[in-house]
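Chains as they are written, first to last, in my numbering: chain A, 31 to 256; chain B, 12 to 302.
The set of hints was computed from the structure by calculation and includes no laboratory data. Yeah, the Cβ is synthetic: ideal placement off N, Cα and C, and Gly gets one too. Careful, some of the hints might be misleading.
[Said to hold, decoys possible] Here are the simulated DSS-like pairs of lysine-lysine, each with C-alpha atoms no more than 25 Å apart in a straight line:
(1) A:K138 / A:K86
(2) A:K109 / B:K121
(3) A:K185 / A:K118
(4) B:K272 / A:K86
(5) A:K109 / B:K74
(6) B:K297 / A:K109
(7) B:K214 / B:K272
(8) A:K86 / A:K118
(9) B:K234 / A:K109
(10) A:K143 / A:K217
(11) A:K118 / A:K138
(12) B:K95 / B:K272
(13) B:K234 / A:K86
(14) B:K121 / A:K86
(15) A:K193 / A:K215
(16) A:K86 / A:K71
(17) B:K95 / A:K86
[What the hints assert, rightly or not] Anything over 10 Å on all C-beta distances counts as not near chain A; from chain B, calculated:
(18) T57
(19) K168
(20) A173
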Amino acid sequence: MRDYGVFDILGPVMIGPSSSHTAGAARLAKVAGNIAGSNIKKVEFMLHGSFGQTYKGHGTDKALIAGILNMDPWDENLKRSFEIAEEKGIEVVFTVEDMGDVHPNTVKFIITKEDGRITEVTGSSIGGGNIYVFDIDGQSVEFTGERPTLLTQHKDTPGVISKISSLFYDQNVNIGTMKVYRSGKGKATMALETDSAIPDDIINKIMNMEEVENVEFINPILEGGA
Amino acid sequence: MFVSSGRELTEICREENLTIYEYTIREEVEKSGLSREKVIEKMKGTLHVMMNSATYAQENEIKSVSGLIGGDAYKIRQYADGEKTLTGDFMNRAMARALSSSEVNAAMGKIVACPTAGSCGIVPAVVISAGEKLQKTEEDLINALFTASGVGIIIAKNATLAGAEGGCQAECGSAAAMASAAVVEMMGGTPEQALNAAAIVFKNVMGLVCDPVAGLVEVPCAKRNIAGTVSALTTADLAMSGVESKIPFDEVVWAMHKVGKALPSELRETAMGGIAITPTGQRLKKEIFGE
């Protein structure tokens, strides 16, 4: 029997109309935008299943753009996101695509940055505003964005994971979940979720590790900030 | 950990001489690790979002994103302020409040999912209307929201709050049950009386299906928020008069869950049954989404 808090029942505070099609969509897009980083030039949203069929009526399109613009699911500017994206010169495109056997509320974000670099993120909105991301640039991952999350791409050699985890141990930050995926060609991807905030110091040290090619840090999206 | 049944809840409240809201606040402090002040402050923020959503569409004629609904909360408010209503300005204003939050939700405004976005009109309309009538303080309204969430926790643990799993009885039904219990405590009723109210509300909507036109949280959802609000308010009076539910709360919740699971998937938020597939429902869907 699951345990609930009062704000699981009276909450979340959100922009309507749907926790899965609006609030969850905004949250997912915010995570995708964070993974891509700043200076986004263009985003193509590939919508699967129920998202593809009903996105206009639920404002899913507005919510997705809002998330890319780093808005939270309770930001009242969410419904103006098309205009805001235009003001910022961010091009948005919506396409409908059958992605096969995935959750009905799934989006693939194809994000192009000003320098031409492309990041692809795929995830699902699974109800009640909850989400998970399951693919980044063709690499399988799995995380929910509910806790501070660190994503690394590193050389698939012995000792890398132990070096990274000892940095967390040194600063008494507990690692809640950790998943490592081998992407072939001697590379690996890791998604690591912690119970408390990840100090910048740790992120910098990981970035400076010789075996690590890329580090992305995703802050949890917590309601009200308090 | 929060108790798992209505029976345990009334027992613990009796033994320790607590209200449901006081027990719920204590459990939340324990679970969240936040101070009592912080937990209450957070609920105050929740109440304020509710107050805004319950008011806005009464004063502004708004339209939903799809264009399917809107402007009715404004209409009811105008009517409520006149002299010719049958059920009086209290009930009409409560109905306007319920619809206001639902219209704000459908127009991409800010709401509290309580327990869901589709049922977001009921708890605010009931608690705010009863509070106004009984001249209660903000603190009383905040306490009422803790009562509502305490009852909601027990429903969530034993059944479901999702239309996709249990139909509208699980969404608007739960919202109305939570709201009715909250008002009973606000009126000085006992935890037993509060759960009697919740049980009676559920029994009266047992089997209510989730059949949204075009899959949108608009038709019939918005008006079911009105129905839930009226039921919660009248049932609070029933419970306060001493009327009891012949079937205990826990068993009614069990039955609601069982009925929800027995509903065919067509009647659980898939827009493939009920009023969603009426000729007019289908036509509206085409108008919104094209083919």
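For each hint, the structure was consulted:
A distance of roughly 17 Å separates the Cα atoms of K138 of chain A and K86 of chain A; the hinted pair therefore holds under the 25 Å criterion. As the CA atoms of K109 of chain A and K121 of chain B are separated by approximately 11 Å, the hinted pair is consistent with the 25 Å bound. A distance of roughly 37 Å separates the Cα atoms of K185 of chain A and K118 of chain A; the hinted pair therefore is violated under the 25 Å criterion. The suggested pairing of K272 of chain B with K86 of chain A is violated, with an alpha-carbon distance near 30 Å, which exceeds 25 Å.
With a C-alpha separation of about 13 Å, the suggested pairing of K109 of chain A with K74 of chain B holds against the 25 Å cut-off. Proximity of K297 of chain B to K109 of chain A is assessed by CA-CA distance (about 23 Å); at most 25 Å being required, the pair is judged to hold. Among the hinted pairs, K214 of chain B with K272 of chain B is consistent with the structure: their alpha-carbon atoms are about 16 Å apart, no more than 25 Å. For the hint pairing K86 of chain A with K118 of chain A, the CA-to-CA distance comes to about 22 Å; that is within 25 Å, so the pair holds.
Restraint check for K234 of chain B and K109 of chain A: satisfied, since their Cα atoms lie roughly 24 Å apart, inside the 25 Å limit. Between K143 of chain A and K217 of chain A, the direct Cα distance comes to roughly 24 Å. Compliance with the 25 Å bound is thereby established for this hinted pair. The straight-line distance between the Cα atoms of K118 of chain A and K138 of chain A is roughly 22 Å, inside the 25 Å bound, and the hint therefore holds. Pair hint K95 of chain B plus K272 of chain B does not hold up; C-alpha atoms about 43 Å apart against a cutoff of 25 Å.
In summary, the hint linking K234 of chain B to K86 of chain A is supported, as the alpha carbons are separated by about 22 Å, within the 25 Å threshold. The hinted pair formed by K121 of chain B and K86 of chain A meets the criterion: a straight-line CA distance of about 18 Å does not exceed 25 Å. Under the criterion of a C-alpha separation no larger than 25 Å, the hint pairing K193 of chain A with K215 of chain A is consistent with the structure, at around 21 Å. A hinted pair counts as satisfied when its Cα atoms are at most 25 Å apart, and K86 of chain A with K71 of chain A qualifies at roughly 23 Å.
Between K95 of chain B and K86 of chain A, the direct Cα distance comes to roughly 40 Å. Violation of the 25 Å bound is thereby established for this hinted pair. For T57 of chain B, the non-interface assignment is contradicted: its Cβ lies about 6 Å from the closest Cβ of chain A, within the 10 Å cut-off. In this structure K168 of chain B is not separated from chain A by more than 10 Å, as the shortest Cβ-Cβ distance comes to only about 5 Å. Taking the minimum C-beta to C-beta distance to chain A, about 7 Å, the non-interface status of A173 of chain B is violated against the 10 Å cut.
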